[in-house]
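Participant: Using the sequences and the hints, build the whole thing.
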Amino acid sequence: MNITNKVAVVSGGASGLGLATSLRLLAEGAQVLVLDLNDDAGQTLKAQYPQQVRFYRVDVSNADAVEKAISDGVAHWGRLDICVNCAGIVAAGKVLGREGALPLDQFSHAININLNGTFNVLRVAAEKMAAKGTDEEQGVIINTASVAAFDGQTGQAAYSASKAAIVGMTLPLARDLASHNIRVMTIAPGLFDTPMMKSLPEKVREPLIEMVQCPKRFGLPEEFADLCCHIIGNPYLNGEVIRLDAGIRMESK
Numbered sequence: 001m002n003i004t005n006k007v008a009v010v011s012g013g014a015s016g017l018g019l020a021t022s023l024r025l026l027a028e029g030a031q032v033l034v035l036d037l038n039d040d041a042g043q044t045l046k047a048q049y050p051q052q053v054r055f056y057r058v059d060v061s062n063a064d065a066v067e068k069a070i071s072d073g074v075a076h077w078g079r080l081d082i083c084v085n086c087a088g089i090v091a092a093g094k095v096l097g098r099e100g101a102l103p104l105d106q107f108s109h110a111i112n113i114n115l116n117g118t119f120n121v122l123r124v125a126a127e128k129m130a131a132k133g134t135d136e137e138q139g140v141i142i143n144t145a146s147v148a149a150f151d152g153q154t155g156q157a158a159y160s161a162s163k164a165a166i167v168g169m170t171l172p173l174a175r176d177l178a179s180h181n182i183r184v185m186t187i188a189p190g191l192f193d194t195p196m197m198k199s200l201p202e203k204v205r206e207p208l209i210e211m212v213q214c215p216k217r218f219g220l221p222e223e224f225a226d227l228c229c230h231i232i233g234n235p236y237l238n239g240e241v242i243r244l245d246a247g248i249r250m251e252s253k
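Under our numbering, the first residue of the sequence shown is numbered 1, with each subsequent residue one higher.
Simulated from the structure, these hints should not be mistaken for laboratory data.
Some hints could be false.
Estimated spans, in silico, between C-beta atoms of each pair [as the list claims (entries may be wrong)]: (1) GLY78 <-> LYS203: 48 to 56 Å; (2) LEU37 <-> ILE209: 27 to 35 Å; (3) LYS198 <-> ASP59: 34 to 42 Å; (4) ASN2 <-> GLU206: 40 to 48 Å; (5) LEU237 <-> ASP135: 32 to 40 Å; (6) ALA92 <-> LYS216: 37 to 45 Å; (7) ILE209 <-> ASN116: 27 to 35 Å; (8) GLU206 <-> THR134: 49 to 57 Å; (9) ILE242 <-> ASN116: 20 to 28 Å; (10) VAL167 <-> VAL204: 20 to 28 Å; (11) GLY233 <-> THR134: 35 to 43 Å; (12) ALA131 <-> ALA63: 16 to 24 Å; (13) GLU137 <-> PRO207: 39 to 47 Å; (14) LYS94 <-> ILE242: 25 to 33 Å.
Built from N, CA and C at the ideal position, the CB exists for glycine as well.
Facilitator: See below:
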């Protein structure tokens, strides 16, 4: 799929990996619907690209809010071709901690945002893509998992479960949507130099970098965006999970 003049929705599109993806899609000539809770960052992006960006302050787990936002964007631009899901949270907590068992609502919150939120956005996006009703490729959906789906560390039961479920639904989603000519892929990123990672003290960052194989550094958000664009442009990529991690295998803690 050629990105120029296509319409994309990017959840979490105002910061981190999502922002890098939004910027790359904009540079390639796409119009972008940005869904994010960060109002300041979203409004800033919209001000920078007033003709190409529509920003919606949306909780991705809210079915009505997501439906309204995407429907409004499609009504404005007349189509939807690309969906990149980057919205998510980091959840940490041992099953048995100092204060007892991990509260169920903490586990459920990670599942609700990371898994349910991802599915909520893609299901609405897929419906809009399929509505075009052509025999050509209708759309591309890219979800974001994590290497924690495979190498979850101590205290990551909730986070790993939420990301492993995204990995697990990749092929069934691709099969479900094949008859609509919609492809589905998942990226499982390793350690990336996002604002959250930059905020960590050096004594925390150093041992993390030691787990990275080659190149021995954190990933750049632009490298994530590059892979998204390659997936969009390569019509034979479908139903698969790509680890983007420089060969890292996370240690237990």
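Participant: If a hint holds in the structure, say so; if it doesn't, say that too.
Facilitator: Quick rundown of the hints versus the structure:
1. GLY78 <-> LYS203: 48 to 56 Å: Between GLY78 and LYS203, where Cβ atoms are some 52 Å apart, the hint holds.
2. LEU37 <-> ILE209: 27 to 35 Å: Holds, since LEU37 and ILE209 (Cβ atoms, about 29 Å apart) stay within the stated range.
3. LYS198 <-> ASP59: 34 to 42 Å: violated, 25 Å
4. ASN2 <-> GLU206: 40 to 48 Å: 42 Å Cβ-Cβ, so the 40 to 48 Å window holds.
5. LEU237 <-> ASP135: 32 to 40 Å: violated, 20 Å
6. ALA92 <-> LYS216: 37 to 45 Å: Violated, at about 25 Å.
7. ILE209 <-> ASN116: 27 to 35 Å: Given range 27 to 35 Å: holds, Cβ gap about 33 Å.
8. GLU206 <-> THR134: 49 to 57 Å: Check passed, 52 Å falls within 49 to 57 Å.
9. ILE242 <-> ASN116: 20 to 28 Å: holds, 23 Å
10. VAL167 <-> VAL204: 20 to 28 Å: holds, 26 Å
11. GLY233 <-> THR134: 35 to 43 Å: The hinted range 35 to 43 Å is violated for GLY233 and THR134, with Cβ atoms some 19 Å apart.
12. ALA131 <-> ALA63: 16 to 24 Å: Holds, since ALA131 and ALA63 (Cβ atoms, about 18 Å apart) stay within the stated range.
13. GLU137 <-> PRO207: 39 to 47 Å: Check passed, 43 Å falls within 39 to 47 Å.
14. LYS94 <-> ILE242: 25 to 33 Å: holds, 30 Å
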